[in-house]
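From just these sequences and the hints, can you work out the full model?
There are 4 protein chains.
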Amino acid sequence: MFGQFVDRYATDAYGPPVGVLEAIDRAGHVGDLVALDINYPFDSGVSVDQVRTALGRNKLRCSAITPASYSRKFQKGALTNPDPQTRREAIDLYKQAITVAQELGAKYVKFWPGQDGYDYPFQADYEALWRYSVEGVREVAASAPKMQFGIECKFKEPRTHMFFSNVANTLLAIQAMGVDNVGIVFDSGHSFLAKETPAEAVQLAARHGRLTSVEVNDNWRDWDDDMAVGSVHLIETLEFLLALRKIGWDQVILLDQFPFREDPVAAARESIRTMRQLDALLDRLDLEALEAAQDRQDALAAQRLVLDLFLGRP
Amino acid sequence: MFGQFVDRYATDAYGPPVGVLEAIDRAGHVGDLVALDINYPFDSGVSVDQVRTALGRNKLRCSAITPASYSRKFQKGALTNPDPQTRREAIDLYKQAITVAQELGAKYVKFWPGQDGYDYPFQADYEALWRYSVEGVREVAASAPKMQFGIECKFKEPRTHMFFSNVANTLLAIQAMGVDNVGIVFDSGHSFLAKETPAEAVQLAARHGRLTSVEVNDNWRDWDDDMAVGSVHLIETLEFLLALRKIGWDQVILLDQFPFREDPVAAARESIRTMRQLDALLDRLDLEALEAAQDRQDALAAQRLVLDLFLGRP
Amino acid sequence: MFGQFVDRYATDAYGPPVGVLEAIDRAGHVGDLVALDINYPFDSGVSVDQVRTALGRNKLRCSAITPASYSRKFQKGALTNPDPQTRREAIDLYKQAITVAQELGAKYVKFWPGQDGYDYPFQADYEALWRYSVEGVREVAASAPKMQFGIECKFKEPRTHMFFSNVANTLLAIQAMGVDNVGIVFDSGHSFLAKETPAEAVQLAARHGRLTSVEVNDNWRDWDDDMAVGSVHLIETLEFLLALRKIGWDQVILLDQFPFREDPVAAARESIRTMRQLDALLDRLDLEALEAAQDRQDALAAQRLVLDLFLGRP
Amino acid sequence: MFGQFVDRYATDAYGPPVGVLEAIDRAGHVGDLVALDINYPFDSGVSVDQVRTALGRNKLRCSAITPASYSRKFQKGALTNPDPQTRREAIDLYKQAITVAQELGAKYVKFWPGQDGYDYPFQADYEALWRYSVEGVREVAASAPKMQFGIECKFKEPRTHMFFSNVANTLLAIQAMGVDNVGIVFDSGHSFLAKETPAEAVQLAARHGRLTSVEVNDNWRDWDDDMAVGSVHLIETLEFLLALRKIGWDQVILLDQFPFREDPVAAARESIRTMRQLDALLDRLDLEALEAAQDRQDALAAQRLVLDLFLGRP
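Protein chains in written order, with this note's numbering: chain X, 3 to 316; chain B, 3 to 316; chain H, 3 to 316; chain V, 3 to 316.
Heads up, some of the hints might be wrong.
Given that identical chains are not distinguished, each listed pair holds provided it fits within a single copy or across any two copies.
[Unchecked claim] Listed below are the simulated DMTMM-like cross-link pairs for lysine to aspartate or glutamate, each with C-alpha atoms no more than 25 angstroms apart in a straight line:
1) K248 - D85
2) K75 - D14
3) K61 - D51
4) K109 - E24
In case anyone wonders, no lab produced these hints; they're calculated from the structure. This one's a predicted model, so the numbers in the text were calculated from it and none came from an experiment.
If you want it as structure tokens, here you go:
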């Protein structure tokens with residue numbers, strides 16, 4: 003979110019190129035960030051040491067390494083590519099990323115399988131997609147039992163249909179892998195896009211002991227717009243943050259934004275401010291009264307408690 | 003919204019039967035309502051005088067009369083029914099409603115053309131739908147030039163596709179009618195459902211001088227759930243109320259809710275409370291700063307002003 | 003689908019009342035049906051023997067019994083109702099239905115938990131919904147280990163959010179039940195509504211050994227319109243039927259339609275005709291070529307094989 | 003659709019760079035194309051003469067010139083940019099394109115206002131968007147009364163909300179312009195995305211005398227996936243082609259595809275083949291029977307005529 007943004011129309015990009023070291027410096031300027039998710043491979047010529055140094059001077063740590071399993075080479079899939087040789091290259095890329103993650107002290111390696119899926123009816127053999135996905139992740143995860151892995155599921159984009167489409171689908175596939183060190187990278191925007199209720203879906207992941215990481219942003223619910231937190235779904239974002247409290251989430255919450263037309267540092271600061279404000283609201287929420295309302299499924303009473311937080315008393 | 007609710011599953015209804023006079027009394031119990039939209043024909047045996055008396059004892063006036071052009075007889079359309087005789091009956095029903103509206107001092111007669119449209123590909127002749135719709139409304143409106151009429155457009159339900167599907171489509175058809183006394187009944191929930199931005203769409207109607215009435219509620223954006231105001235789209239509802247100020251709307255705002263599982267009187271009160279609170283927030287919104295932000299399309303600055311209203315007070 | 007249809011607008015219904023015995027006779031008139039899913043309780047005064055006789059004279063068997071766990075009494079949920087007494091009544095209703103199902107030789111008892119879920123943000127305790135759902139179904143299923151049960155999952159309606167929302171969510175809950183005799187009633191329309199690819203989702207259910215029953219219809223993908231088979235999603239319906247062949251489905255396929263404005267017998271016949279035609283197309287589909295195309299994820303080649311079936315060769 | 007494709011993930015693009023002259027040659031290889039819509043400015047150093055020559059050697063003509071009013075410079079809008087200087091630059095770009103269009107004998111200059119709109123609630127002054135849009139297009143169109151212009155409306159992307167969002171909205175704005183030489187570039191995929199029925203919407207544009215051009219493709223209805231024609235919505239595409247016959251459309255139909263993972267020449271050929279096949283089906287459609295079915299809104303009869311075309315031949 004601190005790099006250069008491009009899309010299929012503005013092919014000259016929404017701003018000038020930004021290297022990984024510069025992007026880390028930008029993140030440092032936000033002032034409130036503590037950890038980053040970093041893409042791998044780095045720009046040509048950039049070493050792990052340079053990345054470590056850049057993190058250090060910005061008082062940031064590396065939370066995750068995300069292998070670029072979605073570039074041109076993997077356009078028909080990484081772990082599910084129809085070509086065995088490309089599947090092998092994807093696995094190799096993930097394994098290299100493990101080493102880098104260890105060197106940078108990252109908590110987990112992220113699978114972002116955006117190209118793994120299909121676009122057209124009849125294009126894919128769904129059994130093969132399942133098998134390749136389960137076996138591919140399993141092989142990578144089994145190769146480093148002490149490293150944690152997280153699958154960032156999403157309904158679509160860049161494929162019109164991604165295999166790891168939502169939390170429940172992904173949990174089923176993780177179960178089939180039979181490994182302990184794979185969980186879900188829960189992105190609240192992806193949850194909106196999948197028509198899940200984020201609070202419910204994150205509790206589902208936690209209930210199964212498979213919540214690896216949490217990312218936040220907002221969108222209009224039929225595309226992954228990666229907007230500032232709370233900008234569209236304010237009430238559901240509050241409910242989501244309450245769910246994080248309920249499951250005892252005490253780790254970092256990552257921002258995942260694409261501020262195409264905004265300043266990325268400012269966009270990060272705004273989202274952080276919003277989250278702090280929402281957190282302060284939660285401190286004032288009468289949980290006992292809320293639970294009592296929920297115990298009778300009293301929608302109006304539950305909503306009133308929440309709306310009065312937002313709207314105040316005259 | 004104060005009557006009996008039924009759907010295709012709970013065919014024994016969500017509560018006992020409620021006659022029109024009892025429904026008016028319920029509305030009176032809300033305590034803050036001033037005007038009602040009343041379906042016509044009334045229950046068998048109920049006279050206009052009885053309705054007038056019921057309104058009077060509850061200090062309510064009749065804002066609109068809505069002919070039941072969506073009952074069994076009109077299941078394939080009222081003004082667009084393929085059968086000329088049924089189209090004639092629909093026109094007659096609307097004309098009778100004009101008399102009742104006049105007797106009750108209603109501001110307008112509402113077209114709620116829920117059965118006018120189509121369900122399947124290839125089912126309808128779109129030219130015929132256009133022609134019947136334009137000619138039918140024109141005939142009714144021309145028969146009472148001093149009465150105002152409003153078309154409540156909606157994307158779908160009960161048909162999978164309604165002819166008067168959104169504000170822009172309906173404005174085009176109204177233009178083709180060539181009459182002065184037909185406008186739009188703008189329902190904020192229908193606007194969400196049509197994927198419009200309500201603030202933008204209501205300004206579009208007003209810009210064309212065709213805003214007859216305003217109704218509010220909320221939903222999940224792919225069905226007309228008729229939920230309490232602000233329960234899902236809090237930010238956009240605030241933006242919508244600001245748009246009403248901008249266009250100088252000084253008439254009543256009607257609630258249109260279907261609280262299947264809630265108490266209708268309580269649901270009305272909650273929505274009214276929410277709207278009052280939103281109105282109070284608007285009083286505190288720094289409009290100058292907002293306009294300045296909009297003048298440079300500065301999304302983060304505009305959002306900050308609004309989010310601090312909801313979240314602020316540090 | 004052979005009864006009386008009503009919705010929240012046409013409260014006088016789309017046609018006259020139809021009793022269960024008459025509905026069975028209508029089904030018999032279709033001429034090609036072999037099995038029915040019958041709601042329970044029957045109309046007041048109708049006995050199991052009368053239903054059996056009606057089935058017999060129409061050469062139909064009872065495929066499933068569906069308890070009416072979605073009527074007024076259960077408007078806030080059946081197995082997940084916040085009131086323990088109502089939950090108990092729901093369980094009792096299901097258990098009574100088991101006896102009836104046994105008496106009629108039904109293959110399974112269907113859970114159609116349309117009221118089990120929530121409507122508003124913050125209304126529900128998602129942990130409680132999960133627990134009540136898992137425990138409730140488990141208790142019913144454990145009480146009759148030789149009877150099969152099927153959960154018909156759906157994203158929404160009548161609730162804006164159903165707990166058993168899609169195939170993957172439901173499979174996770176079934177796993178948690180720890181019983182062998184509960185599976186999924188897969189409705190292709192519900193799959194479209196949940197934004198699943200039906201062919202992929204039915205294979206997911208089958209892969210987990212949990213496919214109890216298959217129902218078909220079509221819709222516009224954001225509501226459960228229960229339209230005639232293939233009327234909107236012709237290509238995906240063909241792909242779905244191919245998936246049924248792949249998993250070796252050799253049991254009945256049930257129609258689940260709500261032809262509000264059409265003749266139900268004619269609607270059934272049309273859907274059956276369409277399915278027979280699609281089946282004949284599948285007989286002519288070059289499966290070897292399709293698999294070769296899928297093995298390289300060649301969308302254009304796979305589509306060409308299918309489109310040429312529909313569109314013929316010049 | 004014959005150039006290089008990139009998106010926000012595969013920033014190394016889905017294939018190597020393709021210049022405009024090479025793209026024209028690719029189009030020539032399709033073998034069945036007769037006219038192209040060409041972006042302007044051309045690649046650096048490419049002259050109008052070179053483009054004309056490339057068209058000539060491929061037996062293609064230039065149907066339209068599309069100014070790149072969606073590049074980095076115009077990321078906050080072209081004609082609606084908040085900065086007056088940038089709005090001026092957009093107008094200048096459009097005017098330059100007129101000259102090029104005249105030199106190449108293009109039928110029309112296309113407005114593709116993808117950056118004109120907004121992303122966030124409260125970001126935009128909707129009055130200003132309307133005014134800038136109406137005045138900007140009017141100024142360009144009035145500067146060349148003998149040139150035709152077409153606005154390609156779309157619901158969203160790259161903005162989350164485009165101003166010219168659908169056919170009806172755009173017709174209203176065109177009316178407000180008060181010029182004769184502006185119409186709509188109707189893209190069937192954009193129509194699906196806007197939840198319009200393409201057959202109905204194209205007739206709406208034609209009824210108002212504002213149909214400038216027709217483009218075709220397909221998508222999954224909540225994003226502009228630009229897939230091959232008929233790949234998802236086969237029945238509605240047939241209905242759309244029938245609507246084109248009804249309105250007497252006798253001009254070219256343009257393909258607008260983004261075959262990210264497919265060969266663009268093959269993708270074009272497949273779509274052309276599909277359209278030819280659909281056209282042949284239409285020749286065999288019993289129009290008299292269809293009209294009779296539509297005259298009674300008999301969905302099953304109308305569908306049967308169509309489904310038997312696709313499925314029949316017993």
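Status of the hints after comparison with the structure:
1. K248 - D85: Only across copies: K248 and D85 sit 23 angstroms apart there, 44 angstroms inside one copy, limit 25 angstroms.
2. K75 - D14: both (21 angstroms within a copy, 9 angstroms between copies)
3. K61 - D51: This pair counts as within: shortest intra-copy Cα distance 15 angstroms, inter-copy 57 angstroms.
4. K109 - E24: within (22 angstroms within a copy, 47 angstroms between copies)
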